[in-house]
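Asker: Chains as they are written, first to last, in our numbering: chain A, 1 to 397; chain B, 1 to 106; chain C, 1 to 536.
To be clear, the hints were calculated from the coordinates, so they are not data collected in a lab.
Hints are not guaranteed to be accurate.
[Claimed, not checked] Ranges of calculated distance between the beta carbons of each label pair, as one might list FRET restraints:
id: 1; chain 1: C; residue 1: Glu93; chain 2: B; residue 2: Gly76; range: 40 to 50 angstroms
id: 2; chain 1: B; residue 1: Thr29; chain 2: C; residue 2: Gly474; range: 48 to 58 angstroms
id: 3; chain 1: B; residue 1: Gly103; chain 2: A; residue 2: Glu125; range: 26 to 36 angstroms
id: 4; chain 1: A; residue 1: Ala261; chain 2: C; residue 2: Trp91; range: 54 to 64 angstroms
id: 5; chain 1: B; residue 1: Arg88; chain 2: A; residue 2: Arg77; range: 52 to 62 angstroms
Built from N, CA and C at the ideal position, the CB exists for glycine as well.
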Amino acid sequence: MPLSNSPGVSDARDLIVVGAGVVGAACAYYAARSGLTVTVLDRGPVAGGTTGAGEGNLLVSDKEPGPELELALLSSRLWQELAEELPAGIEYEAKGGLVVASDAAGTAALRKFAAAQAEAGVTAEEVPADRLHDLEPHLAPGLGGGFHYPQDAQVQPALAAAHLLRASGARVRTGEEVTAVLTGAHGEVRGVRTTAGDLHAPHVVNAAGTWGGDVARLAGAHLPVLPRRGFVLVTEPLPRVVRHKVYAADYVADVASGSAALQTSAVVEGTPAGPVLIGASRERVGFDRTLSVEVLRRLAAQATELFPVLAKVRAIRTYAGFRPYLPDHLPAIGPDPRVPGLLHACGHEGAGIGLAPATGALIAAALTGRQPPVPLAPFRPDRFGPDRFGSDRFGSA
Amino acid sequence: MARDRNPADLVGADPGPPFEITFDGSAVTALPGQSVAAALWGAGILAWRTTRNGGRPRGAFCGIGQCYDCLATVNGEPNRRACLVPARPGDTVTTQEGHGHAGLAV
Amino acid sequence: MPGSPSEPHEPSEPYEPSEPYESAAPYEPSEPYDLAVIGAGPAGLAGAVTACELGLSVAVLDAAPQTGGQYFRHPAPGLGAARPQALHHDWSEFTALRGRFEASGVTHLPHHHVWTVRPPDGDGIWTVHALTGPDAHGGTPARVRARTILLATGAYERQLPFPGWTLPGVIGAGGAQAMLKSGLVLPGRRIVVAGSGPLLLAVASSLAAAGARVPAVVEASGYLGYARRPYALAAGPHKLLEAAVHGSALLRHRTPLRTRSAVTEAHGTDRVEAVTVSRLDRAWRPVPGTGRRIACDALAVGHGLVPQTELATGLGCATRRTPDGTHALALDALQESSVPGLWAAGETGGTGGWDLARTEGELAGIAVAARLRGLPALTRSRRARALARRRDRLRAFADVMAAAHAPGPGWTAWLPDDTDVCRCEEVTAGSIRGAAGALGARDARTVKLLTRAGMGWCQGRMCGAAVACLAAEGGRGGGRGDGAGGGAEGGTAQGTVPPSAERRPLAVPVPLGALADLPEESGRPGPPTDGPTADG
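Starting from the given sequences, assemble the full structure and let the hints guide the process.
Answerer: Encoded structure:
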């Protein structure tokens, strides 16, 4: 991968992607495959933002029928292709998800949810209470039942981003912050100004994740991306004690909620490297990275409730990440009608790793004038305010 | 001559009665107040763990509880820091293989 | 003590021998202490005693069973050591400090491993979370609340990897010293001592005094740095005396000191049998053809100390870069960190030896008492001013020493691609260079994400310095090819190791069951800010 940090004015040819997380990497990858010449910029390192704090969930199980599920199903297929094309180092595992309910009522709710998903193309198999332990021997006794989602999968997100970038052949410039979006006489994008100089290209993709609102603002566009904090607990290395991505039914409700208050619902999964990862908490507390003992307490309590064997296992690490949250829980993907040449690919909240390839494919289609593989309309970036210099109607909560 | 000296002589040690622990089934003599790692060193044993990827032998490295290289299985419990855990009469120390949790595998 | 601002306290629950974690409610804290000191080495003891004597209620938490920290680590009572001073300089000064401590009424909480410190939440009270037991494996979680915190958590040893450094019998220089001081044991009979820094001489003379043959002390720098700063040197006569004592002990044991040299390989299959010692150039690159093999059955190696700061950096405390390339806490003239209410003393604020640690601890104790008792004049007293002057003098001397032993940028030339750098996760130099090259990692955190280096049990304490160097080299490894890499511009910033900015929010591994059993904190939201962050 060519690397350069030389100052001055340079020509990026076709496309500048702002953000070297997994979404930016996927945009670069699919744009390059469409024949475009791409430069990726990031003020931090590769995968230095939310990607590096992610668990690598590629989920369809937590999504209700609708545009996000369509995106997730497309991504699910694309990740399978990528798993063939990229090195094994991305740790793609088609492990499947297992959603469990604590009682019969919860199971009934899951059944209803799964039935609707099935109509949208999701495979979901009911697992009666007495068969749960065939799938997960260490699960707690007495659960109500669950659903197995074979399409759920996992990657190691930082490695996935790094390998996507490398495979894209894009020029990658890290440690270089975008300070302005350059525009022409008619307001059209001409490139960006960075801490290292000006870079010209007719198209700029905002893949800045949780910081996507800042990049949009540089172009004079309103995009109300807010951080939604999550903690992950990482255990000591273990053999495979958890086979699937296992989570409790209330996770789905937490994902869909817009509340700023703390919500936790354990998502437990093993990794090829050994440690078990435990998510997921959600709270809107700005970019506060400091440890919350209460969040850790809740995650540990819920995880050990699902898997009592974990009580004696030690957490050796924890980290926080900031999901890029948009008020309707859908990402902003596609051209911004307010700023010709500007495209957005951000605001994926907790699903950015999973939705990255479909996002990249949509961006590449938009850039090359091809029919998008799924409709773009629900992801319109200007849906939060049509005016180019509009007021912050959805300003910080 | 230096070679005739030993640490106990140097500090005028008059330890309490020695006791036995076992390492992989063999008896090892320990002194009251010694850590498991010190007792093993005293018996000339420098390795009591194998790494989980390469299977390489490891023992005490930093000596102050920071490196976790000295993890041992003590009385059946894996991942005890041998440089911190005091040896007690009858302790059974076994070479820990990798993560030490093979029994949990599914 | 008149005017004591708070009531006496219940002592901590007695510790019972540890079993694997069994669910047990953490004991509820008593009334908050005025001061919680973390670390019972010279800095912590001096701070605690001073604050207590000035009327504060004080608790000291420490992982070890006995006071003394690493420097004054000494045999457990069961070993019946009649002359512990044989392994320590200044032993009588320590016993005097310990005597004051024991008579002071300070609550001593041994076997308390602090895993996080949480700041006050409106009530002005800090919370210190600890796990009890000899190795924090089981036991009862403990919480101690206090109005102020003094961090005196000391340091651990910096390691620069080389082929064979994971062999049994290769141990930290400080580790060999610690095992000798506490357990009266040696790792072998013929022990090479290598690395850099003043600790090496102390270790070599202890090992020799305890009966080991020390065929060589191998020091990577040249001690020339000392001579460049005669003023600061003159300010540290005690240190020079100490060096002279070690030097004469080494002479007595016929131990040669090889400067500008390093162990560039340890040989053996299941344990170390010999080492190769090579000459180094000014940048610490090994000079080809100078390798000499020395037979040994153990190697004690270390490259100075790394301040143990994670409890503070997790709270957002500012750090400063030390002259030998580590991160220490940035402290004001009265030892307070950038986070009000949190003071630090000793190696946490930069390596400097026990005398400096004690001086800083005492000064911090005065400063805490002045704050809590509303007596700012205490900090302007003759005693406080004398302590501050002494602190400045010793700190200046410590900085000169640190600069003299700072790793040169060329050391990675002795690190071939197949050598494990991360001991826990067995990550080789080659894979780290690969991440720093083709995958574009430029810092230790990204390397960690891409390779797992630093993600294991020790959380990067052993490999952090090396990973930071390799990341900064961007994959241009000195160990690849025939020493082509690693020139002054090919290495890291001239003469220094880039500090690793790793965070360790959990300073100690915590059983999930212990976390789950913590008392619920109802609805404590974080600060409602949408401020900027360094990431992105």
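Asker: Indicate, hint by hint, whether the structure satisfies it.
Answerer: Here's how the hints hold up against the structure:
| no. | hint | verdict |
| --- | --- | --- |
| 1 | C:Glu93 / B:Gly76: 40 to 50 angstroms | 44 angstroms, holds |
| 2 | B:Thr29 / C:Gly474: 48 to 58 angstroms | 52 angstroms, holds |
| 3 | B:Gly103 / A:Glu125: 26 to 36 angstroms | 30 angstroms, holds |
| 4 | A:Ala261 / C:Trp91: 54 to 64 angstroms | 57 angstroms, holds |
| 5 | B:Arg88 / A:Arg77: 52 to 62 angstroms | 59 angstroms, holds |
In the structure shown, no violation is registered for any of the earlier numbered hints.
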